[in-house]
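**Q** Given next are the chains, with one letter for each unit.
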Amino acid sequence: MLTIATGNKAVATAVRDAKPKVVAAYPITPQTEIVENIADFVSSGELDSRYIPVESEHSSMAACMGSSIAGVRTFTATSSHGLVYMCEMLHMVAAARLPIVMANANRALGPGWNVWAEHSDSLSMRDTGWLQVYVSTVQEAYDATLMAFRIAEDNDVLLPVMVNLDGFLLTHIMQGFETVELGDFIPETDLPHKIDVNNPGGYGTLTPPNEHFKFRWDIERALRDSVRIIEETESEFEKRFGRKYGMTEDYRTEDAVVIIVSMGTLGKEMEVAVDSLREEGIKAGSVRIRWYRPFPDLKSRLEGRDIVVIDRDYSFGFGGIVANEIRAKCNVKPYSVIAGLGGQEVTYDDIAEFVRDRKADSEFWFGVNE
Amino acid sequence: MAEIPEEEYILKTTSACAGCSASLILRYVTKAAGPDTVLVVPACCTSVIQGIYPDTAMNIPVYNVAFASAAAVASGMSEAFRAEGKDTNVICFAGDGGTVDIGIQALSGALERGTDFLYICYDNEAYSNTGMQRSGATPLGARTTTTPAGKTEFRKDLDAIIAAHNPVYMATACSAYPDDLYKKIKKALSVPGPKFMHVLAPCPPGWRYPSDKTIDMGKLAVKSGMWVLYERENGKLSITGASKAAMVKRIPVLDYIKVQGRFKTATEEDIEALQKSVDLGIEKLKKEAEGIC
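Note that the protein sequences, when read in sequence, are chains A and B.
Numbered according to my numbering, the first sequence spans residues 382 to 751.
Numbered according to my numbering, the second sequence spans residues 52 to 344.
Honestly, I wouldn't trust all of these hints.
So these bits of chain A aren't anywhere near chain B, every CB distance computed over 10 Å [to be verified]:
hint, residue
1, Gly564
2, Ile576
3, Leu604
Reference excerpt, derived from the structure (chain A facing chain B, CB under 7 Å, subset only) [stated by the list, open to error]:
hint, residue
4, Ala405
5, Val435
6, Tyr584
7, Leu587
8, Val638
9, Val639
Quick caveat, the hints were computed from the structure, so don't treat them as lab data.
The C-beta atom is built at its ideal place from N, Cα and C for all residues, glycine as well.
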């Protein structure tokens with residue numbers, strides 16, 4: 382069914398369609414609309430789920446942990462301060478191998494008080510063991526949230542998935558999107574290590590170094606395997622429902638001399654910038670990173686080209702986070718542009734300008750007097 | 052004692068200290084709850100008592116969770132079990148630090164939401180698992196490693212805070228009176244909704260008394276009125292067991308604290324203040340039990 386809705390409504394609709402048994406959440410701007418919509422679905426009977434209105438984000442992830450270990454499909458949503466408040470529980474959930482799906486409305490952290498888009502919240506959770514996908518349209522928010530349940534619950538993954546959507550730029554804009562007839566696309570939740578009173582055991586008990594080490598390796602192995610599961614899931618989604626995704630979304634990269642790399646809603650702006658740069662004779666292309674964890678294999682596409690990375694984030698004292706990950710993985714010397722922090726407007730014209738002004742291996746803070 | 056089942060859900064040889072009353076409480080809690088039970092345990096002595104992976108000293112599932120999160124994890128677990136049509140008991144078994152300090156927000160939220168679970172705080176009046184640091188439950192005058200000259204504040208009145216949430220059932224108990232403890236756990240688990248139990252757990256290494264005196268120490272706590280046994284069902288308070296006598300006649304608080312090394316630095320003023328707070332507390336409970344409040 383084709384409908385027009387916000388990114389938040391699309392996520393809530395995907396949750397309705399995936400039928401989790403438990404949703405525990407705390408409202409926070411700009412995610413609030415997601416949990417409001419879910420509460421409505423539960424209250425109207427459209428979704429047969431238990432909605433737990435917790436008193437904090439630490440508790441929302443804790444409640445999700447309790448329901449997931451009990452073996453039921455579980456969802457939550459958060460943003461910014463809520464996400465970092467959950468930080469401890471994000472580690473707990475991934476290490477307990479619980480396939481919880483969470484939407485995160487990307488938002489800056491204070492102070493100063495800023496409710497607008499920035500990726501610093503989710504990128505600061507980079508090393509928790511969660512899979513992270515960044516979406517760029519309302520349709521993609523719906524599709525990615527649906528697929529997240531299947532990917533997370535796959536027995537070769539069994540790790541939580543964070544679906545990231547830019548605060549306001551995507552959470553609150555309205556676009557047309559289409560729901561799907563899910564059928565058996567997402568199988569019943571079958572957690573091999575769920576709590577079972579008929580087979581009692583200790584969960585999360587004191588664990589000595591060697592065993593702890595093995596558990597950490599298991600997480601890494603699952604992250605590596607998840608690339609295959611993501612590709613299989615997205616390819617089946619394409620066959621059934623006609624929409625194609627990938628670890629990245631590439632645009633006119635085949636013959637590109639310069640490739641722009643970014644994540645989230647800037648991805649679509651990059652494509653417009655690429656078209657206008659090509660009109661003026663600059664062979665540009667773009668790569669929008671969708672799956673940030675596991676990190677996509679970009680080396681063959683990026684090596685030997687000029688690279689411009691736009692980071693809506695920063696690692697203080699070090700550099701743009703995405704730029705540095707690309708530098709580390711791909712043997713390139715990118716022009717690192719820091720832009721869009723706290724919801725700063727970045728247009729396709731601005732992006733085209735970054736490309737024209739590019740200097741290899743240097744950093745530029747857009748709109749900041751130096 | 053006849054009704055207490057012989058089944059054991061905790062091994063005789065655990066990692067607990069000699070004379071540990073927390074493991075005694077755990078033993079009776081699990082006997083009363085039976086095998087269709089999951090324990091949710093935040094960081095506390097019980098994290099250690101159950102042993103080291105891949106082994107476990109417990110014969111029911113135990114979920115070890117982050118310090119602040121026990122009641123919230125139990126909320127999610129209880130909802131999931133109910134959604135699946137299961138009546139499985141969800142019991143948080145948490146120390147005083149995880150309850151009165153870091154875990155109180157999650158506990159308050161779970162009680163307010165009417166979560167169907169039982170929260171048990173076994174109270175050894177300090178962070179005993181990590182070598183006896185002060186908690187919000189440490190009494191005035193007690194020495195801990197973070198109050199080396201004796202604590203200068205009274206303990207937090209956790210029970211009053213819990214009572215303000217109107218749980219369907221709440222009770223206090225003490226490891227020295229297992230019969231009373233067992234009955235209360237049975238009763239708590241017989242009703243749906245949020246239940247809370249606060250159980251005094253004397254701790255030989257932390258309180259600095261010989262490990263064979265754990266039962267005596269619990270009895271002294273009750274006889275002096277430093278710990279009162281009662282239950283509150285749908286808001287109605289009843290004093291239970293040995294505390295009925297303590298309502299009328301008590302041994303001095305000094306008799307309880309002088310046998311514990313942790314009160315070695317307690318001043319005369321501290322002891323007087325403790326005695327006064329015990330007397331006031333008992334008067335308050337007595338009035339409530341008589342319906343005057």
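**Q** Look at each hint and say if it fits the structure.
**A** Okay, the hints, checked on the actual structure:
1. Gly564: holds, 23 Å
2. Ile576: violated, 5 Å
3. Leu604: Check passes; 22 Å lies beyond 10 Å.
4. Ala405: holds, 6 Å
5. Val435: Where the cut-off is 7 Å and the nearest Cβ of chain B is about 6 Å from valine 435 of chain A, the hint holds.
6. Tyr584: This hint holds: tyrosine 584 of chain A lies near chain B, its Cβ roughly 5 Å from the closest one there, short of 7 Å.
7. Leu587: holds, 5 Å
8. Val638: Hint violated; valine 638 of chain A Cβ to chain B Cβ min 50 Å, cut 7 Å.
9. Val639: violated, 46 Å
The structure is inconsistent with the numbered hints 2, 8 and 9, although it conforms to all the rest.
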